[in-house]
Each structure stands twice: as structure tokens, then as C-alpha cells.
Amino acid sequence: MKIKHLIYALLLVSFTSCGEFDDLNVDPNNPVSVQTGTLITSAQRSMSDVVGSSLGALYAQHISDIIYTEGGRYQSIVADFSGWYSGPLQNLQTVIDLNTDPATSTSAAASGSNANQIAVARILKAYFFHFLTDRWGALPYSEALQARGGIYSPKYDSQEAIYSALFQELKEAVAQIDGGPGVKGDIIFDGDMDSWKRFANTIRMNMAIRIADVSNGKAQSEFNDAIAAGVIESDVFYPYLGEANNENPWFASFRTRTDFAVTEHLVDYLKATNDPRLAKFADPTLNSVAAGNPIYTGMPYGVTNPTSLPPDVSYPNSTYVKCQSCPLSIYTVAQVNFAKAEAAARGWGGGSAEDHFRAAIQASWDQWDVTYTAGEFDTYYNQANVKWDAGNWKASLAQQKWVGLFIQGYEMWAEWRRLNGPMFVVPAEPLNPSGGIPLRNIYPTTEASLNGVNYSAAVTQFLGGNDSDGVRLWWDVN
Amino acid sequence: MKKLSLVLALVCFAIGFTMAQRTISGMVNDEKGEALIGASILAKGTSSGTVTDVDGKFSLNLPDGANVLVISYTGFSTQEVTVGNQTTLSIRLVEGVMLETAVVTALNISRDEKSLGYSVQQVGGEDLTRVQETNIVGALAGKIAGVQAVTSAGSAVGGSAKVRVRGVSGLTGGDPLFVVDGTPLANNNFSSSTGGADYGNLASDINPEDIENISVLKGPAATALYGERAKYGVVMVTTKKGRARQGLGITFKSSLSVENVYILPEYQNEYAGGYDQNFIEVVDPVDGKTYQTLDYSADESWGPRIDGTVYRPWWSWYDDENYGTTVPLTANPDNVRDFYDTGTTNTNSIAFSGGTGNLGYRVGFTNLNQKGVVPNSEFNRNNVNVSLNADVTKKFTVIANLNMVFSNGSGRPSFGYSPIFGNSTQSFNQWFQRQLNIDELRDYKSADGSFRTWNIRSTNDTRPLYWDSPFFAVTENIPTDSRNRYFGDITLRYALTDNLSIQGAVRRDNFNQRIEERIASGGLEEAYYREYVADGQEDNFELLATYQQNFGEISVDANLGGNLRQNSFHSNNAATVGGLNVPNLFNLGASVDRPTLSSFISRKDVQSVFAALNLGYKNFLYVGGTLRNDWSSALPVDNNSYLYPSGNVSLVFSELLGTDILSYGKLRASIAQVGSDVDPYRIAFSYGIGTPYGSSSSFNVPDLLPNEGLRPAITTSWETGVDLRFMGDRLGLDLTYYNNNSKDEILAIQVPGSSGFSTALINAGNIQSRGFEVGITAEPISGSNFSWTTRINFANNQTEIIELTEGISNYKLADGIGGQGWGGLTLNAAIGEEWGLIRGGGYTYIEGSDLPRINANGSYVRTANKDLGSILPDFTGGFTNTFQIYGFEIAAHIDFQAGGKFFSTTKMFNNYSGLGIESAAINDKGNSIRNPVEEGGGVRVDGVLADGTETVVYVEPQTYYGRLFGFHEKWIYDASFIKLREVSIGYNLPRRLFGSGGIQSLKIALIARNPLLIYSAVEGIDPSEILPGANNLIFEERGQLPSVRSYGISVTLGL
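Residue numbers (my numbering), protein chains in the order written: chain E, 32 to 509; chain L, 63 to 1117.
Source of the hints: derived by calculation from the structure; they are not laboratory data. All of these numbers come straight from a predicted model, not from anything done at the bench. Wrong hints could be hidden among the right ones.
[Stated by the list, open to error] Pulled a few chain L residues facing chain E out of the computed Cβ check, cut under 7 Å:
{"hint": "1", "residue": "324"}
{"hint": "2", "residue": "665"}
{"hint": "3", "residue": "816"}
[Stated by the list, open to error] FRET-style restraints, in silico, Cβ to Cβ:
{"hint": "4", "chain 1": "E", "residue 1": "404", "chain 2": "L", "residue 2": "347", "range": "32 to 42 Å"}
{"hint": "5", "chain 1": "L", "residue 1": "675", "chain 2": "E", "residue 2": "135", "range": "49 to 59 Å"}
{"hint": "6", "chain 1": "E", "residue 1": "404", "chain 2": "L", "residue 2": "367", "range": "23 to 33 Å"}
{"hint": "7", "chain 1": "E", "residue 1": "255", "chain 2": "L", "residue 2": "747", "range": "36 to 46 Å"}
{"hint": "8", "chain 1": "L", "residue 1": "634", "chain 2": "E", "residue 2": "131", "range": "52 to 62 Å"}
{"hint": "9", "chain 1": "L", "residue 1": "385", "chain 2": "E", "residue 2": "410", "range": "26 to 36 Å"}
{"hint": "10", "chain 1": "L", "residue 1": "584", "chain 2": "E", "residue 2": "326", "range": "24 to 34 Å"}
{"hint": "11", "chain 1": "E", "residue 1": "276", "chain 2": "L", "residue 2": "404", "range": "41 to 51 Å"}
{"hint": "12", "chain 1": "L", "residue 1": "584", "chain 2": "E", "residue 2": "255", "range": "57 to 67 Å"}
{"hint": "13", "chain 1": "E", "residue 1": "336", "chain 2": "L", "residue 2": "1010", "range": "24 to 34 Å"}
{"hint": "14", "chain 1": "L", "residue 1": "912", "chain 2": "E", "residue 2": "326", "range": "33 to 43 Å"}
{"hint": "15", "chain 1": "E", "residue 1": "135", "chain 2": "L", "residue 2": "906", "range": "49 to 59 Å"}
Backbone N, C-alpha and C fix where the C-beta goes; we use that ideal spot for every residue, glycine too.
Could you build all of it, start to finish, from the sequences and the hints given here?
Below is the structure:
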């Protein structure tokens, strides 16, 4: 009898709260659905990591390490791309999915018309993929971002295939923009869909120039098509805010430290050409200011042991580069004009190469808030080491792009590789396997273990069996 | 049902038939023959019991059917004695852990050691408190075979300690479950796992002074009854209880020890701060003269020779009365050691205990106060322990245990690579200038309130560059924390018959944690304030029926139970962003920008039913089994139930042999499974909250792909062992071999990020952990005035990854410091390799030479992602000796570890920065390596060139060590050590001195903690103290705080 009671009592203890039990595992901390605009905001915040990267600025030799010089000696050449996929790209893919799936598209439309959101997400995806492929080369693309569809180990696509797909994506995205409400949560263009069209066309224009040496025909047609469709007419910046959660990363890194200075050979070139942008790029050295005689001194690039005291070299400029809310360039009018100059020089039409080149430099001066007279500009422009040299236009372009794309690190690193100029400094004690200036980032070590089959196939197929930073990308043929 | 009633009636009849009481009397003595007063005598399986009187004598009416007496006494091993036909017994109890016969097993059930088919080892409270160790986890170090303790440095007052039981039995590591008097305790850790203040692990709330004994249940065989949480073992604590006794029953104990910094790296004292050996010449703007000075913006010591040159020290550039002072450059070899204070640990406890025949009570209060060696660090803990057991009637017993803990810390030092909150030790060992006079830095505040530091930006800009004065952080950036906690149980037990009892228990563990972290205004870092508040609670409602009966030569011991466990946890985390709008207003409202805010709530229930059956035959053969089913709310609703069994057998073969040499011999074997679930909210998809941009909120698709198809995971293990004792138990040998396979674990397995997620939750893997454990106990000398007992234990463990999941050959457990940017150090579980494999950059070798490949300039050719060994030790153990010489007791405890790798950031930067002795060594030519290479200096590098030629290159040391930054192989060390951890010399004043007055006992002891690190494979680091806060994977030392050595005195007075 008592045993029966005991069993009843046990059952009672164990199952009294059954109804509640099944509902306990509903997460009270995180939402199961959100407005898709918030995912776009999140993805756009990652653009800051593209344009505000100190590593990019080191690779472009705009900036040098003052004390701990390992970064500029390419210690981080093995770099992980995973976070870009699981971060912004996955958010953008989710925006596309939620706006496409009939079950969710109606509620998703609260953040703008479905077509407009999809278009913006596709354009931003293309922006990130372009940035990524120019760092690593072949990457997972066609099978990427499909874990929820069951693909955990995406194959790599050639850089050529990725470029080709991105051209297509950008065209289709622009074409699908409709007259419906613009996207919400857009911190770059505030939902102005016309700006998105121009932005997409600008990316396409830039990509076309990049492949000019490897695929001239495709480059020319994409370029001309992009220009005809309308590119940006004003600089596109990442808009930092005067608060710590959304502040300029250079400001953040200088909040307590003084690790970076403008590179010596850049300062020397700017000085040699009396370029007024020097005062916009750099601050005079602290010691020279303290001594009442402000001068600009660059930091030699990639030294092994520190050679200069921080107050004896020029930090990035406090008003234009490293203030808390200083915007940083995503795409500039100067870039458009440089591209047009190159197109003209390549005989793709579109006017005088030199005129575009002049316009590019002028746009750069304007961008950096230089006040000047036409005469002052002419004096500057007509110097031999500035002026367009039609016989050696790549050198002219490379030199001025290096200045005009100041602090747009990753973009300039790509252009350096393509244009083979200007002359960069090879560190005496490089930490990258190739020992030279890197031509690409090395795949993260996790790929060999996590995505081994596809990784090995990619290394064999696209890198000649050697996942080194000394292997040229597809478009890097010279 | 009728059948059942019939059985019951038969059983009752059988009981009634044989029910005839007889009286047994006897005496209980200790090893020296002294009478033990108030020892408890219990007829096993019944509620009949008594206590010994003033002369140690007892008399008990023994119900028939009961044939075994359980004799227990505080500080002594509990003994079971088979009565047989005897009517008088003489029982000798033994102190400490030797010769256990009754042990506490799962669910707080005390069982005869003979009957267990698995290994359980017990440590008495005395062995934990002998030298005033404050964290019970640390106190276990080296005391139990197969239990590895790793602690934080002694200078982290109230810092963390971690135990690994039998290596790791799960892919991601894990902690054993802590249980006090049957109540499971949370062992959260609110510290970071890489740096900042170490707030200790929550199990350290258990007061060592209240502990009667600790048993560690190692394999799932012993733990099947605790379910999933017992997968990593169970540490079962039994607190002291009250009982009838002579005297007032008041025990007062006071211990005080002083501690000093023990191990620091060896520093060079020949070269001052700077990046090269030239003084810097500066024209003073005030007097226009040129002075020699050092490069104070350098936090490295590659500077000029310390040769007495007259120069301007850092403080001569501050605008005060010392401006312009010049002094000769001299060495300060003890500057680091002099930074630290002498710490103290003071423990005072008082306990009232006593009782009558049917009532026992104990009320204990302990106050612990620690002042650390790092200036201004302090930790306080107050423990209250109340326990009551009352036999309300002969059949009805009420037990209540209540523990309250109030702890608070202030200024707990930051550990690890954490310059932001100011780990001064990290600065001293990694980024510093050797010539600095520490006394000049004490005064870190100028008259105008601005802060002073050696690391000024330049002679005309005296703001700090990378480091505030080391005294700034420990005085201004004071973190504070407090925790209030209560835990305990109320248990009601009713004996339905002499053999069947039912027990219901309500158990609760509740804690409330507060942490406040501060960075003061005006220093190097932006001012900051963070507040973290958490409260956690676990309730267990437990019902247990116990049936114990002997049928002739067969004994039956059965349990049937059910448990409902409810966990809840709430936390708020808030921190200022962008500084404080009023200097040093440490208030969240003072945040300049939008503060970071987050809340977290979690709930989880697990319902369980379980049964256990143990059968014994003639006291020498025992067979047992358990069965448990759990239902977890964290698993998918249609897959949330999991059932798992265990079985064990024990054969006391010495009973069959009847030889005198072998006094006890037992073979045991067991096999068991244990199921486990997952944290709550891991099966369904939800978005993560991102950082808002202005008024635009942002959300993220999480990196973890959840899984609605998860299954419970099952670990299967078996173990076998033998327990041999010789010559009247004077020599004992205990051997165990175990094998543990953890399969289908619920893992956040890494997937290629390009899939859109970085991890996916799946069931995967097979990790195998196996090893042997050896325990030797001996009493080589046994006399009334001199005795010597010795205990040795050691254990080996190998934990290998058998499989992960299709297509995945490696599971990355963690990234090392600096990630890819610092060369990509990782900790891994790779198929076919031992768990905890460190991978990183290292030397390259080619065929035909034992020398590493180098380039013509002497740099090593680096191989990335090289296997650099596992963090798990090859074996661990301890060695304890106790001598009794007249009234003196001398005890010494050594623990040791062989193997187990770790990466040392301290060592790497100690040389990178030119601080370490190696960075100013003498080379094989007899010259300082700092001399120019062309003058015979430089570090000699032997290597082989690409073409196979062996060559020697001399490299300038700054370049040499610079190249070794992120060159992990160079900085990987064996964590092998032999440590004399505890020494005590105690004297028990003879009782006759006190006459018949109030004093019952008085013991005075001299104690030493960590008196000697006898051997360490790494210079300057104590490898037994490298636990970084809440870190579960101890594979790198990012900036270890110094270890301490302490000496003290302890007085115990019994009234």
C-alpha cells in the first residue's frame, strides 16, 4: 500500500509542472523576428571595417607603425574572411530571403518595398564581395551563405567567376529598384534609391577598371555601361558619429595611443610637390609644434625596431582623418575621374585622359577641403612629378591615385597591385611568407581543417598549389 | 496490487519473526588509545544509535536484522564494524583519509566502501584546512588521484581555482558538480577568461572550516545518479554536524599568515629603458642646456648601459620642484618585488556544536580576511553554517542545513594581458624599463591633481603613453564586488519500517552577485564604469525511498527517487561609453555616450526519476545497478527524454582467502552511461541585438546555427580496479583503470564562415578519455609516541579525439592571445590527437639536419599551424607525509605534475622587451649579446640553410627576440612541476594540562603555504597557478600575477 503511495508521490513531484515545462525554452532575451531595415543597418556598420581599417592603410603604405611594427611588416597576412560572411553578408542574404519568401515579404515591407530592399542588399553584398575577392582572390561565392539550405562547405569560385557574377548582380539590382518606399535603416543614403543606383554603377565602374588588363573587352563594355547608367556625383562617405559606439576608428585608436604616423615616402612626395593636402592628411609633429616650428615628418615604413619617437613624426590629421566624427571615403568623385582618365587612356572613349586626370586631382583637393585658386592648382599640376604623362600614364595615375585615395587602404592596395606603382618600401624584416609586398591575403588556417576539400581544390586550381601572399590575383597580370 | 500487498505482508512477517533485540557495548578510542567522547554509533540500516560517553564507552540495543555498526567521529574516518556474535567491541578510529570503510556516494547516501564497484576517494576536513587554504578547490590539489587542480596566482585574493577530474570527459572541457550535503551548488565564474579582476569561482563560497569531508566521485559510474551535470565528476562535500559530546561544544580557531611575493621572472639589470643604447639628448626649453635622458616613450629596455652616467630621470621633466634634476643612472634590481606589499590572511572561526540523544546541532561562523600582496587588494568572506538534525520521533527525522555566505572583494588585481584596468605585474614582466626606481612611482599624483608616470610621451609632453604609474591602477581603478548567498536543504525522513524509509528534500542554492569596475578619470584610459548584477537560483525537489534489508546472507539496498530541478538566472550588464561626464562619478548615468546595456534571463527545468539496487552476498560479493531518466526543457519537446543505466560489481576476495598478510582485497568493476543536454535557448532561431547607429537599431543574424533536431548526448564509461591492504591495513594499494567515451555531444561545431554561420549546433564526436590511478597508503612506523603515515597518489590520463563529424578533422577550442595577428595560436581537438592540442608557429626542419631552418640573416623559417603538444598533463599526483612525535604532528604535502603544455606571453615579451635576463646574456664568445655583432656580440643562432649547409649567425638581440614575437614554439613550456604546497607543525597540548576545567583541547600549529616550488620546467612562472579567471581551457599565460609564499600560525581551542 505504502509503495503505491510512494509511486504516486514520485510522479506528483516529477510532473506537476508539465504544461509550463514545454514552454520554458522560448528565449526571452532575443527576438525571433525583426524589421529587415535593422539588418541593413547592421550590415552597413561593417562598411566601417572596410574603409576604416588600419591594416588596409598600412598595406597601402599611407600609414606606418611607429613602435610595434609587426602589422606593417605583414604579420597578419593570414587573414580570416569568415566573419564577413557570417556577419554582414549573412544579414544581407537574410534581408533578401525575408523579402522574397511570400510568407515573410509582407511584414518585411515595413522597411521599404520588397524590391528596393532586395536591390540594396544585393548592391551591398556586391560591395563586400568585391572587397573580399580583391584581398583573397578565389572565394566561396555561388554556394556561400546557404547553411540553412544545407550547404555547410561551400566550394570556391574563381575570381573571374565572382567578378562576372557581381557585374550581373549589380545590373539586376539597379534594374529592380522600383518607385516604392526606399529602405529604412539606411545610414549611407537614407533610403534614396537614386543614390543606390549610382552607387551600384560606381562599384561596377571600379570593378571594370580593375580587370582592364586581364579582360579588356569585358572591362570596356561594363565601364561604358556603368558610366552611361550614371555614377556618383558627390563623394560617398561612411558617416561616423560623435559618440563612442559609432566613432571614427582612427579616433578610437588614438584615444589612448599613438601607434600610427603618415608614411615617410608619402610625406616626402607631398612635400616635394608642395601638395596642400599634406596639411589635411597629417598633423605637424608634436615636438615641432612644442618648439614653435611646426613641421611634417613622415615615419619610415616597415622598420624592424622603432627609429623615431612618436612626437617626432606626423600623426594622421586631427581635423580630417582622426576626429571622432570624421567621415571616411567609401567612393569618391576623384576615383570616378581617375577611372575616366584611365578609360580614356585605354582608348575606351570618353574624352581627354588628361582632363579627367586633372579633374580627379581637383576633386581630391575639394574633397580634402583645400582652398585654392586656379593658378595655385595649375602650378601644382604642372610639376613634372604630378602632370599626366601620356607615354607613361600608368605611373602618373598610380602616383596620384596613391595621394588621391589617401586612407582608402584596401582599395589603394588593390590599385597598387594592378598598377605596379608607386614605388613601395619592402620591409627589411618582413613577416609574410613571400617576403615581398603582399599580392593577396592568405586564406585563414581554419579553411584547411573546416572546408578542406574545397580549400585544397581552390589552392590547386587557382593558386598553383601555393596559398602564399606572393601569388597574383586573376586581374593582377603585370 | 494484491500480489504486492502479499509480498509486503510476508516481508513484515519476516521482520517480526526475527525481531529480537540484543545489547552490544564497547569502547571507541583513537589511534593513540585515547577515548573518543561523543563518537556516534549507528546500527546500519536502522535509526537506532547512541554516542560514546566521557570514557568513550557506549551501549546500544541492537535491533535484530542489524548486524553492522557505523562509527563516526569528527576528523576521523567513519568505520563500519560487523557485530557477528560479539557482545562487546573495541573500536579504534583513524584520523584522515586512510582506511575508509563508509563513504558518501551520490545523493548523499553513505555506503560501505566494500560494496562499491567503483572508485571513490575521500579527504577529511582536517587535510583541507591544515594550512589555511581558502578555496576548497585549491585545497584538493594533489590529494586525490586523477583530480588535477589548477589555480590562479596566490596574489589574486579569493581568485579562481579549477579541477579537472580524469582529464576531460567532454570536448569543451567542464567542471565537476559541487554538492554540499546533497545540495548541488552553482560554480559560475563572473571573471573574464582572459584578463581583468578575478572574482573567483562560486564553489569557493564553501567554507573549508565547515567541512567534515569531501569525496570525489570520478567516473560516471559513481555519478549516474546525478545525471548530466555529473559528467565531469562530482565533488561531494559533507559539512560538520553536531552530536552529544563533553564540554561546552565550542571550538575556536584562529589562523593568521603573512604572505610575500614568491616567484618572479629573473630580470636583467644592466640596460635601461629605450630602443637603442644611446642616450637621448634634449635641449631643455627652460635653461637651454642639453641633457642626456632616456626614451621614456619606450616601454622596453634596450636602452643605454646602466653605468652611472648622469642623466635626467622621467620625473625631472614634470613641472615641479624636481624639474631639471640630474642623477646617475643606477640599477634597481628589486624594483618589481618592492612594488608588492606583505599580504595577510586571517581566518577566525567559532563553532557551537552539541546535542542530545535525538538532537544534534552545529552553528559555525567563520570570518576570512585577506589583504593581498598587490597594494589595496582585499577579500572578505563571512560564512555561517547552521545544521540541525532531530529525531522528532523514533521514525521521523528532520534535517536542516543552512549556509550563508557574504563575501566582498575590493581592488582585486587584474590578471592577464590587461593594461586597460592595469595589471601592473604584466607591465613589469612585459613592458617596462628596468632601471626605474619603484619608490619614485609611488607618488603618482602631482600637486595639481594630474597623474604622473614614467611612460611619458616625450620630455615636453608628460601625459602617459601606454602605461600609467603602476600605483595609479591599484589605487584609482578599484573594482569592487560582493556576493550574498544562501544554500541548504530541509529534509524530512520517515522510517515506514525498520527497513524502508522515505525521504523528501527541498534544496536551494541562491546567490546574488554584484560587480563594479572602474577606470578613474585623468589617467591614460578613458574613464569607465561597469556594473554587473546577477542572481541565480537552483531548486531541487527530491523524493527518495530507501529499502535496506538482509535476507540471510543476501543484503538488499534499494533506492527509488524522483527529482525536479529548476534553474533560473537573471543578469544585467551595463557600462559607460565615451567616458564619464563628471570626473570619477562612477555612475551609469554619467556615461558620455549611450551606455551599453544588456539583460539576460534564463530558465531551465530538468525532471528525473531514478532507481538503484545493490545486492550483497555474505559481505564479499556485491552487485549494483542504477537507472535514470531525465526530461530536459532545453531539448526539443519531442526529443527531450533520455534514459541511462549503470552497473557495478565488487568482490572482496580477501574474505575468501583468509590470509594474514592480505588484510583486505577487493576487485571492482563498473560500467555506466550518463546523458546530457544543452544550455537553454539553443534550438530555435533568434536575432542578436547589435549596436545601434544613432536612432537606427541594428540586429544580426546570429553566428550560431541552431538545431531543432538535437538529441541528448550519452557518455559511456567503464572502470575496473583493485584495492589491496596488507599487514593489518598498514600498507594499502589502490589501482584503477578507466575508459570513458563521450559520444554525440551537443557541440557548437565550427563550420566554414562562408556558409553564413560560424558554428552550427549538432550532435557529434567521440572523445575517449582513459587512464589509470594509483593510490598508496602506508604506515611504516606505528607507535604510541612516534608514527609515520604516508600517502602517495598519481594518475595518468589520455584524452584522444576519435571522431568529430563528417568532413571535420579539427575542432578549434580557442584562439590564443592576439589571434591571427599574433601568428595564430590555437587550441584544438583534432582527430587522432590528444585533446587540447596547441598549434602555432614554430621551427622548420629539413631532412639531413637536426638544426632548424634559418635564413642567411639568422631568422628562423617559420612553419605555421604546427602541432606543439597537448595541454593535458601526462600524469599528476601528490605525496603526503604525516609524523606524530609525542604531541607533535608534522605534515608535509607535495603535489606534482608531469607534462601539459602552455604558452607564456610573459616569457615572450619579457625578452621581446629586453627585460628578461636572457635578453642580456653572455654569448659563447664571452661577450654580452647586446654588444654589436661586429664586435663579437649578438645571439648565436645555429641553423641550416635551404641548401642544407649548417651555419652559425649572430643576431642582434632586439631583432632576434623581435622575430620571436608570435613564434609560439619558442614560448611553449611544459607545465611540469613539483611543489611543496603545505607544511605544518602542530602541537596538541596534553589534556592533563587542562585538568577537568573547561578546556577540552588546544592545538597550536605553525603553517606554511607554498613554501617551495621544488621543480618547475619554466623559469619565473609557477605553472600550477596559470588559471586565467573563468577560463575552462588553460593553455596560455597572458600575464600571470606573482605566486606568493605564506607562513603563519594557527590556534585551535576546544571548550
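* To do: Return the numbers of the hints above that this structure violates; sort them in rising order.
  => 1, 6, 8, 9 and 14
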